[in-house]
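K.L.:
As you go down the protein sequences, you meet chains H and S in turn.
Numbered per the numbering used here, the first sequence spans residues 1 to 241.
Numbered per the numbering used here, the second sequence spans residues 242 to 543.
Warning: the hint list may mix true and false statements.
In silico SDA-like pairs for lysine to any residue, Cα to Cα no more than 20 angstroms straight-line [as the list claims (entries may be wrong)]:
(1) S/LYS351 / S/ARG316
(2) S/LYS392 / H/PHE89
(3) S/LYS375 / H/GLY79
Hints listed in this document are in silico derivations from the structure and should not be mistaken for laboratory results.
Single-letter residue listing:
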Amino acid sequence: MISIFIKEVNEFLNSLIAYVVIGVFLIGIGLLMWVFPDTNILDYGYASLEPLFSFGPYVFMFLIPAITMKSFAEERRTGTIELLQTLPFRDSQIILGKFFAGFFLVLFSVIPTLVYYFSVSSLGNPVGNLDTPGIIGSYIGLVLLGGVFTSIGILSSALTGNQIVSFILAAFLSFFFYTGIDSVASINVWADWSYYISEFGIMAHYSSISRGLLDLVDIVYFVSLIAIMLLLTQLIIGSRK
Amino acid sequence: MSVSIQQLTKVFGEQTAVNGISFEANEGMITGFLGPNGAGKSTTMKMATGYIRPTSGKIIVDGIDVEENPIAAKRIIGYLPEHNPLYLDMYVREFLGFVASAYSLRNAKKRVEEMIELVGLERERSKRLSALSKGYRQRVGLAKSLIHDPKVLILDEPTSGLDPNQILEIRQVIKNISANKTVILSTHIMQEVEAICDHVVIIDRGNMVANDELSKLKEGLGNTSGIIMEFEKPVNTVVFTEAGFELKDYGKNAYLIESDRSDLRAELLRITSEHDLPLSSLTKAQNSLEEIFHRLTQGKAS
Numbered sequence: 001m002i003s004i005f006i007k008e009v010n011e012f013l014n015s016l017i018a019y020v021v022i023g024v025f026l027i028g029i030g031l032l033m034w035v036f037p038d039t040n041i042l043d044y045g046y047a048s049l050e051p052l053f054s055f056g057p058y059v060f061m062f063l064i065p066a067i068t069m070k071s072f073a074e075e076r077r078t079g080t081i082e083l084l085q086t087l088p089f090r091d092s093q094i095i096l097g098k099f100f101a102g103f104f105l106v107l108f109s110v111i112p113t114l115v116y117y118f119s120v121s122s123l124g125n126p127v128g129n130l131d132t133p134g135i136i137g138s139y140i141g142l143v144l145l146g147g148v149f150t151s152i153g154i155l156s157s158a159l160t161g162n163q164i165v166s167f168i169l170a171a172f173l174s175f176f177f178y179t180g181i182d183s184v185a186s187i188n189v190w191a192d193w194s195y196y197i198s199e200f201g202i203m204a205h206y207s208s209i210s211r212g213l214l215d216l217v218d219i220v221y222f223v224s225l226i227a228i229m230l231l232l233t234q235l236i237i238g239s240r241k
Numbered sequence: 242m243s244v245s246i247q248q249l250t251k252v253f254g255e256q257t258a259v260n261g262i263s264f265e266a267n268e269g270m271i272t273g274f275l276g277p278n279g280a281g282k283s284t285t286m287k288m289a290t291g292y293i294r295p296t297s298g299k300i301i302v303d304g305i306d307v308e309e310n311p312i313a314a315k316r317i318i319g320y321l322p323e324h325n326p327l328y329l330d331m332y333v334r335e336f337l338g339f340v341a342s343a344y345s346l347r348n349a350k351k352r353v354e355e356m357i358e359l360v361g362l363e364r365e366r367s368k369r370l371s372a373l374s375k376g377y378r379q380r381v382g383l384a385k386s387l388i389h390d391p392k393v394l395i396l397d398e399p400t401s402g403l404d405p406n407q408i409l410e411i412r413q414v415i416k417n418i419s420a421n422k423t424v425i426l427s428t429h430i431m432q433e434v435e436a437i438c439d440h441v442v443i444i445d446r447g448n449m450v451a452n453d454e455l456s457k458l459k460e461g462l463g464n465t466s467g468i469i470m471e472f473e474k475p476v477n478t479v480v481f482t483e484a485g486f487e488l489k490d491y492g493k494n495a496y497l498i499e500s501d502r503s504d505l506r507a508e509l510l511r512i513t514s515e516h517d518l519p520l521s522s523l524t525k526a527q528n529s530l531e532e533i534f535h536r537l538t539q540g541k542a543s
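For reference, chain H alone in the conformation it holds in the complex:
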């Protein structure tokens, strides 16, 4: 697994992918946070990192599928999947190696935003007047969300040999799991079940974690969603033999 992880990370670093992803994420979030008039926190007036955590998922929704669309689709197109699967790797090792490499890149794009915490903290009045537990919770939520999107991306990439199809599918599935389920839940027809349906979506758990309330249920939700996506990937990879 480690050798696949290293190979994938090197691939990101040797191509422009890593720099573009991290760069675009930081520029996008930076603009939303500090520059754009409707969203920047200077005008907003409260010392919070709200824009990062509310827009972050939407930026991820496009960036993460771009990271993961290659993973299996490209290997299948060029035939290198045969190379990989005839080396002594288990399918699970290949999938986990690829997942963690994508996740690593997501982590790396989030880490520089920690600077915002200190900026906002020193802008506060009085200085340091910030909801720290809420921010820690939000970061954990954002990272877990990144993990879910990565696993969705890996699954989509395994489903098709075409990178563009994989990208669109991953972006759609990410969107659906993030806000789609929540929107479906609010349809009047099943109003009685609305709460239970929305519990299947990411939004419910993401917003609860963002409040700084680290509930085990939410963590379990994210981790099991990642596990389900990766298990489905394994089923698909296995069935192609």
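On the provided structure of chain H, position chain S as indicated by the hints.
P.N.:
Only chain S this time, still in chain H's reference frame:
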């Protein structure tokens, strides 16, 4: 018994790609795996390496059932797939290093350098794979399949797309390393089989049509193999008969000598020079494997 394939069958949808093939390949031998395009060669090899699962049948590699214990089997198999897929963004050393780490080799760096020398990539060692020509990529693929010193080597058309010099070099590499390994290689170049294979398996549309030693295969089909000796003018051939050779008429002043002796030509030359015979040419009898192949794989179609 190093590689044993038993009643191997693979069905894709409605098409039977491989139909109940059984053969064995032994250590220290090169087994040539022949067949026309689409005969199921690659499918068989992919099953033998655990890349695809057989519909039925068994593959035992050095006592390990490939389907039951794929990881252990993959550790002792070196495989060069058809079309030789490589990570073209990687550098030669980086790629071989990755493969070495996949096999968790302890002396990975040393092995990588050894392989680079073995397949003759010294001048290209710092290049990106995408910058290499097809022949050099093929060498990288061969290095990849040899790096963990596998007991079993499965090569799917190892010399396709190479120039004649490269073909000879790659063949030499394969021959050199085959001494204590089991090598199965597929090809449709008949000279290649004649040059390096000891054993031949021929399949046609998924069915096995021949499985024998190269020499026996030729004999069994009553084909000629030997040396054709041609003289400038009629000579007395008694000297050859006395030396224990059996001469058959093969045209004007030409004779065919069939023999398994490895020093056949040297011996014939010695006799001709001793008796000062006007020898004009000494050639190998026309390769008949091509004809065998043709007969076995075309006959059924009609």
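K.L.:
Would you mind marking each hint as holding or not holding in the structure?
P.N.:
Now the hints, each set against the structure:
no., hint, result
1, S/LYS351 / S/ARG316, "holds (19 angstroms)"
2, S/LYS392 / H/PHE89, "holds (18 angstroms)"
3, S/LYS375 / H/GLY79, "holds (16 angstroms)"
Going down the numbered hints, you'll see the structure goes against none, and every one checks out.
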